[in-house]
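Following the hints, put chain B in place on chain A, whose structure we already have.
2 protein chains.
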Amino acid sequence: MTRPMPSPETAAPSLDPLVALVAEDMAAVNALILDRMQSPVALIPQLASHLIAAGGKRLRPLITLAAAQLCGYRGTRHQMLAACVEFIHTATLLHDDVVDESLLRRGAASANAVFGNKSSVLVGDFLFSRAFQLMVEDGSLRVLGVLANASAVIAEGEVHQLLTTGDLATDEARYLEVIGAKTAVLFAAAAEVGAVVADRPEEEISALRYFGTQLGVAFQLIDDALDYAASQAALGKTVGDDFREGKVTLPVILAYARGTAEEKAFWHRTIEDLEQTDDDLTTAQALMEKYGTIRETVERARQVGEDAKAALARFPALPIRASLMEAIDFAVARGY
Amino acid sequence: MTRPMPSPETAAPSLDPLVALVAEDMAAVNALILDRMQSPVALIPQLASHLIAAGGKRLRPLITLAAAQLCGYRGTRHQMLAACVEFIHTATLLHDDVVDESLLRRGAASANAVFGNKSSVLVGDFLFSRAFQLMVEDGSLRVLGVLANASAVIAEGEVHQLLTTGDLATDEARYLEVIGAKTAVLFAAAAEVGAVVADRPEEEISALRYFGTQLGVAFQLIDDALDYAASQAALGKTVGDDFREGKVTLPVILAYARGTAEEKAFWHRTIEDLEQTDDDLTTAQALMEKYGTIRETVERARQVGEDAKAALARFPALPIRASLMEAIDFAVARGY
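Which chain is which? The protein sequence lines are A and B, in order. Oh and the first sequence: position 38 is 38 in this note's numbering, straight run, nothing missing. Oh and the second sequence: position 25 is 361 in this note's numbering, straight run, nothing missing.
These aren't lab readings, by the way, just hints derived from the structure by calculation. Predicted model, so just to flag it, every value in this text is computed and none were measured. Note that CB positions come from ideal geometry on N, CA and C, so glycine has one too. Be aware that one or more of the hints could be misleading.
[Said to hold, decoys possible] Just some of the chain B residues that point at chain A, by a computed CB distance under 7 Å:
1. H431
2. V435
3. V457
4. F462
5. F468
6. V472
7. L480
8. G481
9. A491
10. E494
11. H496
[Unchecked claim] Per label pair, the in silico range of CB-to-CB distance:
12. B:G411 x A:E137: 22 to 32 Å
13. B:E437 x A:T260: 42 to 52 Å
14. B:E437 x A:T283: 34 to 44 Å
15. B:E508 x A:A53: 31 to 41 Å
16. B:R410 x A:D171: 44 to 54 Å
17. A:R174 x B:A367: 25 to 35 Å
18. B:S476 x A:R174: 32 to 42 Å
19. A:A109 x B:G408: 49 to 59 Å
20. B:R594 x A:G116: 30 to 40 Å
21. A:D199 x B:G408: 37 to 47 Å
22. A:L103 x B:R605: 29 to 39 Å
23. B:R594 x A:D35: 41 to 51 Å
The following block holds chain A by itself, in its conformation from the complex (with noise of 0.2 Å):
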């Protein structure tokens, strides 16, 4: 294993530590997806391959690789159990889009945009299945209950999301309900499963899932900021999704709260009724600056990246423990 060089206490945060750190588990990890996502039904790996060749960053299973290691984990169980992680995350998206009828996903056309509605519905039920079935290979039910729980809290989170969305009556409180089930419980299973399959005692595998989360929470959060504050190119999808689709994300949350009656009335409009024009986006963004939403949301993000590197304090001092520290600082300094 390559010993990646430190990053300078002055240098922006890196994710480049922590995939240096499990790059040859990563290799392995890259391989069993490409092998094990194959079908004789050839549409399948081709669909799966537009989303799962995109180059994402692997955040999901790079955790459940870097739980494994900072576990003191030696055998090859993680690489297997990374992959489904990827794959549930995988079909969880393709269906996202479909439900989100997005065009874009990391920079690229999306898969239903490509492929079709239909298609990615069903590519995501196989890979859903298929993760499942590489879960029973490996043989832990632990594991298999950890995914499995995830998975359906991930599916309540998402219906939960729809039902908020157009809703200015969400607050704050069903906001964080909401992304701690469709976001923050596969970060949390993703660290959960790289302690279980070291099968550390119960205390660590609590403390690596409690990382999870927060980890998770802190993730969202960044990315319903950038949605309003990223350039296009930055972020790898369309700017203002969340704005054209109605949803209630903590910088519309904090602005409508704090808005003035005729504010209020603006977010009505473009958020509950859907009317929107084409200068409204930039009217949001000019509210949120007003009152400071963007920054108070990465700000809160920030804290919670705390919690997440407190969780980690109860782990040795491994360079595997710094990396996981500073992709904490990473994910959050994507918000500034």
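Chain B in isolation, oriented as in the chain A frame:
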């Protein structure tokens, strides 16, 4: 357990004896289904119960319960596993109706027509995940393997069907592959699980799997015949759906193969180009009548049904065995 009246030889075959023999178990399955489809997100049980309460025959869980009884199983695990089978089936129906853009299901408005495609996709995902949670609770890796494999093959079959849609080059062999995957595999798994839970020798497990496969093929052949032959009331869905969607089913394959040049042009226009006028369904039905393709599809189902019966021969001549044989006749008789 109430002993059903034996159906007289002359009466039409019925599901009633089978339903009566597993009635107590099925009551427990229904209670489990209602209990385990609950979620803090109220839309999930609402949407799920729209479909689950719509009065399907619960054919697949019936098969699991009957197979377990045939194998002399005395516990209650088969009830939960039958519920899992029904959850997986319901999930595939929800996704199918989205993929097919169906407006009717079991004689009522389909879930996607009432609740929208987005919710149908996500609630399908939820039910699918919930099924795996329940299997983990049950604790049998073998059962998990059987149903994870079945789910993957179903998704493959659905994608394969998508590719054959509108493609008149689809031959009988390819059609049989599609229905083997999209329909028969879950019937096979439903029967297999009943034998697995009863801890029977591999030959019996294998015989029940074969029984389920052949029953599933027969069932789908009849469904595909009825799509052109039934009255809408009897079918519980819109007659001619397959035609309007350009699905290449056996009645079409045979009529196309035997058609004149002019008739072949008709099929190309209606099935491949999906250019259809109001009279075309009637013309399609007349061509099927001319070449006897519905009759032949039903006859094929009858033969496959005989294979299914033969697979039951090795089991003791219990009332449950007779009721399963009658269920096969019932499935086939729908086509006459």
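| message | Take the shortest C-beta to C-beta distance between V472 (chain B) and chain A; is it under 7 Å? | response | holds, 4 Å
| Within 30 to 40 Å or not, the Cβ separation of R594 (chain B) and G116 (chain A)? | At 32 Å between Cβs, range holds.
| message | Next item in the hint list is F468 (chain B). Is there a CB on chain A closer than 7 Å to its CB? | response | OK, holds: F468 (chain B) within 7 Å of chain A, min 4 Å.
| query | CB of E437 (chain B) to CB of T260 (chain A), is that within 42 to 52 Å? | reply | Holds, since E437 (chain B) and T260 (chain A) (Cβ atoms, about 44 Å apart) stay within the stated range.
| task | Could you check if H431 (chain B) really has its C-beta closer than 7 Å to a C-beta on chain A? | result | At 5 Å from the nearest chain A Cβ, H431 (chain B) passes the 7 Å test, so the hint holds.
| Do the numbers back the hint for A491 (chain B), that is, is its least Cβ distance to chain A under 7 Å? | holds, 4 Å
| query | Can the hint on F462 (chain B) be confirmed by a CB-to-CB distance to chain A that is less than 7 Å? | reply | With Cβ-Cβ at 4 Å, under 7 Å, it holds.
| message | The hint says 44 to 54 Å between R410 (chain B) and D171 (chain A); measuring C-beta to C-beta, is that right? | response | About 52 Å separates the Cβ atoms of R410 (chain B) and D171 (chain A), which means 44 to 54 Å holds.
| query | Can the suggested window of 32 to 42 Å be confirmed for the beta-carbon pair S476 (chain B) and R174 (chain A)? | reply | holds, 38 Å
| task | For the hint on G481 (chain B), just tell me whether its beta-carbon gets within less than 7 Å of chain A. | result | Since chain A brings a Cβ to about 4 Å from G481 (chain B), closer than 7 Å, the hint holds.
| In this structure, is the beta-carbon distance linking L103 (chain A) and R605 (chain B) contained in 29 to 39 Å? | This hint holds: roughly 32 Å between Cβ atoms.
| query | Holds or violated: E494 (chain B) as interface residue toward chain A, Cβ cutoff 7 Å? | reply | holds, 5 Å
Checked against the numbered hints above, the structure violates none of them.
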